[in-house]
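*Asks:* Below, each chain spelled out in residue letters.
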Amino acid sequence: MMDDAMYASQLFLYAVIPLMNEIGEQYGYFRGKSGVVQLSVNLPDGVEGLHFVLEDGAVTTVLGLHERPDVSLHFARQQHFNDFFLGKTKKMPKIQGFGKPGLLIATFRTLLKMASLLAAKTPPADEATKELVVRLYLYLLSRGISRLNRLGHPSVREWATKSPDRVYAWRVEGHPDTAAYLRVKAGKSKAARGLYTRSQPFFTMRFADLDSALSILLQTGDFLTLTAEKRLILEGAPEFGAKIGDFMQLVGSYIQG
Amino acid sequence: MQLSREKLITLENKAHELRRSIVDTVYHAGSGHLGGALSMIDAVTLLYYHRMNIDRANPDWPERDRFIMSKGHAGIGFVSVLADLGYLNREDLKTFNLTGSKLGIHLDATKVPGVDASTGSLGHGLSIALGMAIAAQMMGKEYITYCLLGDGECNEGAVWEAAMAIGSRRQSNLITMVDRNHAMLDGNTEDVMKLEPFQDKWTAFGFHTVTVNGHDFAAIDRAIGEALARRDQPSCIILDTVKGAGVDFAAGDYRWHYGAINEELSAKAYDSLERYHQERVAALEGA
Amino acid sequence: MGIAYTSLDTTKLSTAEVYAHTLCEIAQTDPRIVTLTADLAKSTKIGVFQEHFPERFVNLGIAEQNMFGIAAGMAACGLIPFTCTFAIFNSCRALDQVHTDICYQNLNVKMIASHAGTSFGQAGSTHHATEDIAIMRTMANLVVLVPADGQEAAAAVRAAIEHQGPVYIRINRGFDQVVYPQGIEDFQIGKANLLKDGSDLCFIACGSAVFSALQAARELEAEGIKARVLDMHSIKPLDKEAIKRAVHDTRRIITAEDHTVVGGLGGAVAEVIAESGMGCAFRRLGIQDTFSPIGYHEDLMSIHGIDTNGLITAAREALKMDFEEDDDWADEV
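Protein chains in written order, with my numbering: chain W, -13 to 243; chain A, 2 to 288; chain X, 20 to 352.
Calculated directly from the structure, the hints in this document are not laboratory data. Treat the hints with care, as some may be off.
DSSO-like, lysine-lysine: derived pairs with alpha carbons at most 27 Å apart [said to hold, decoys possible]:
id	chain 1	residue 1	chain 2	residue 2
1	X	61	W	216
2	W	116	W	74
3	X	215	X	259
4	W	107	W	74
5	W	99	W	116
6	W	86	W	99
7	W	229	X	61
8	W	171	X	61
9	W	229	W	171
10	W	174	W	148
11	X	339	W	171
12	W	116	W	148
For reference, chain W alone in the conformation it holds in the complex (with noise of 0.2 Å):
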């Protein structure tokens, strides 16, 4: 059984960490940029952790250590690592890639930058940073239950278990570019981006703007005056419905501390 702060750390690393990927390309803080990108952390079972590769710019995440990375931000210890990404510190952890220093300071803006979209109690005020933030929290939580999924979490692994093959799907209205999805088939996970469009997903969470999801997302609202408003619309059974938006509170749970 795992706890709390590993749950944390391990959505950190798979679920948050990824998401700079977003933010780099949206403020193009990458622009231009090439080398490798890695974050990690020493968690009990050994080192874990993810990288980026630039090529002029374009960014690919891997999961994974590289060997030689350009920047690297090492964690030596977990509690320091979980207590950084919950905005409970701003100290530094041990920093490799003075030699590059215009990756490097790529590297903090883009950590800055997602520590204060993610932070934020209110929505953003212009529509394109809305639409970020909208994007990012989808990936986060699509990809955080599929994290859970895979670490074995009770509640999480129980459900996906039980699973036949099901897509379970979240959109807005009009801005097709914030969708995300997750499949689940018996016990297996995977979260994924955009529209599925193969067939009509088993159940998807439909928001009519980016001020419904955000409402929902940053918790300004809830899922029932929104429903009833039509702001939200479940397509699919209630029941499903508060399956996911319970995953989705507990993704939430344990990266906010």
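Given the coordinates of chain W, work out where chains A and X should sit on it, guided by the hints.
*Replies:* Just chains A and X, lined up with the frame of chain W:
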């Protein structure tokens, strides 16, 4: 308003004709539900020849009072009334139960004019009657719905579902009547499935319940009059009757729930009916 | 952030409300429409009608047999009563009244039978209606309709009112996947809806299985298989011509229903195929002559093989094709 002696004798004369017709129909059909037809005929005579608002020229007149004979097997008695009213030809009665006839043990409302519901599956009629009464309410119509049940029929749970609803709704434009002839197919009611205390049961379901002599026109009429005047509570009139009344070899005998009449028995029956009629007329004249 | 809701809340969320609103709309100009329920106004959504027309609504409490008898009496007096109860009680408990008071007398009673099939999964077999299509289609004079979603249910209600005689409309608990988002223009009793054309095989489905068939056909299309999908909402009268055409055009028929495979849609289609003298591959999907376990409706449909995946599997078997298992289960990053 009390029935005059003349009216009572007129009703008795009509009832006598109908009883004869019932025996005749059973004879032509070969067999039939004689007992239950004879026990109810006095009440039905009073209804159709004094109380009910109907149009002899138009059995489907929308404003007519409705009559649901929930004890559908008494169809062999009811057809005599329908023929007398002109809704059927007298000759049709001779085809009762024969192949291809529109008349059979349980009358088909879609085929026989003047029949408001195809009863026969016991326990259904009171619900149907309630539906008609509610429809009257919803449409703002004044017609009254009468429902006649058999006593054995009251074993059916569906009867009590309807009773509960009638009591709950205080459906006073529906008048429930029970032909309490104390007998059913397999024996006397109290030997097969006890109904007593029968009146208490209806009262418990919210009805104003009375028990009257089911062969006394005046008594039945008084009860109906009071029921019609009572708007705040539905009424149930238990008609204490004799199964097979008028035919001495059948009277009071549960075995005549259903029986065969040949020529010999038919002659005996007419004799008995004649004496019965004379006794009753004498009683009315003397009263 | 999770959802908690009551049965009252679900009336705001469900697709079954569409039929109830349609009924209210029609009732505005047609005074003959009245409704009855047996203590299930909230569950069957007819409570919506009650709010708008309280004087034309009757609640009989938990007494279904009485309700159907009353409906018969009302119809005999010229009203158009809509009864609303669970399909299991409509078709089993009150069948004598349906048969004798309503069908035999050919009365204008319209029966909304909700929570059909295993849609009330959590309630178990006491509340499942898995034999009602078979039972009801044997009743002479009765029209039997099984709409696929809320919009089609509304269309069925309109058609039922125009039809002279008794009608049985079988719907689910109200959380159907949407098949007709824009509603239906040309709903006709006795005419199946062709949702998708194709010549490799034909799904003939009704009720909640229609969505499964549509999705299955879409997924099969991606693999190059062209499946025809017929929404056979009208079980009686059945669209025999559409069935015969499908047999001729595709030679592979798969029926799907949230109902036993004995005597329901599958049985009805089999009768047509057998009498037509035409040969074809034929498979009935549905509940395989058992009582259903407890579970959410969607899970039960999966267990009984009538969800999208179930139909896809059946289609592949009918075409005798194998496909590779999807191997890439890594999360996209």
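*Asks:* Taking the hints in turn, state whether each one holds.
*Replies:* Taking the hints in turn, this is what the structure says about them:
Under the criterion of a C-alpha separation no larger than 27 Å, the hint pairing residue 61 (chain X) with residue 216 (chain W) is consistent with the structure, at around 21 Å. Distance restraint check for residue 116 (chain W) and residue 74 (chain W): the Cα-Cα separation of roughly 25 Å lies within the 27 Å cut-off, and the hinted pair is therefore satisfied. In summary, the hint linking residue 215 (chain X) to residue 259 (chain X) is supported, as the alpha carbons are separated by about 18 Å, within the 27 Å threshold. At roughly 16 Å between alpha-carbon atoms, residue 107 (chain W) and residue 74 (chain W) fall within 27 Å of each other, so this suggested pair holds.
Distance hint between residue 99 (chain W) and residue 116 (chain W) is fulfilled; the C-alpha atoms sit about 14 Å from each other, no more than 27 Å. At most 27 Å may separate the alpha-carbon atoms for a hinted pair to count; residue 86 (chain W) and residue 99 (chain W) meet this at roughly 20 Å. Simply put, residue 229 (chain W) and residue 61 (chain X) have alpha-carbon atoms about 24 Å apart, close enough for the 27 Å limit, and the pair holds. A C-alpha spacing of about 35 Å is found between residue 171 (chain W) and residue 61 (chain X), which places the hinted pair above 27 Å, so the restraint is violated.
Only pairs whose Cα atoms come within 27 Å are accepted, and residue 229 (chain W) paired with residue 171 (chain W) is accepted, the gap being roughly 16 Å. Between residue 174 (chain W) and residue 148 (chain W) the alpha-carbon distance is near 10 Å, which keeps this suggested pair within the 27 Å criterion. A distance of roughly 23 Å separates the Cα atoms of residue 339 (chain X) and residue 171 (chain W); the hinted pair therefore holds under the 27 Å criterion. Between residue 116 (chain W) and residue 148 (chain W) the CA atoms are separated by roughly 36 Å; this puts the pair beyond 27 Å, and the hint is violated.
Hint violations for this structure: numbers 8 and 12, all remaining hints satisfied.
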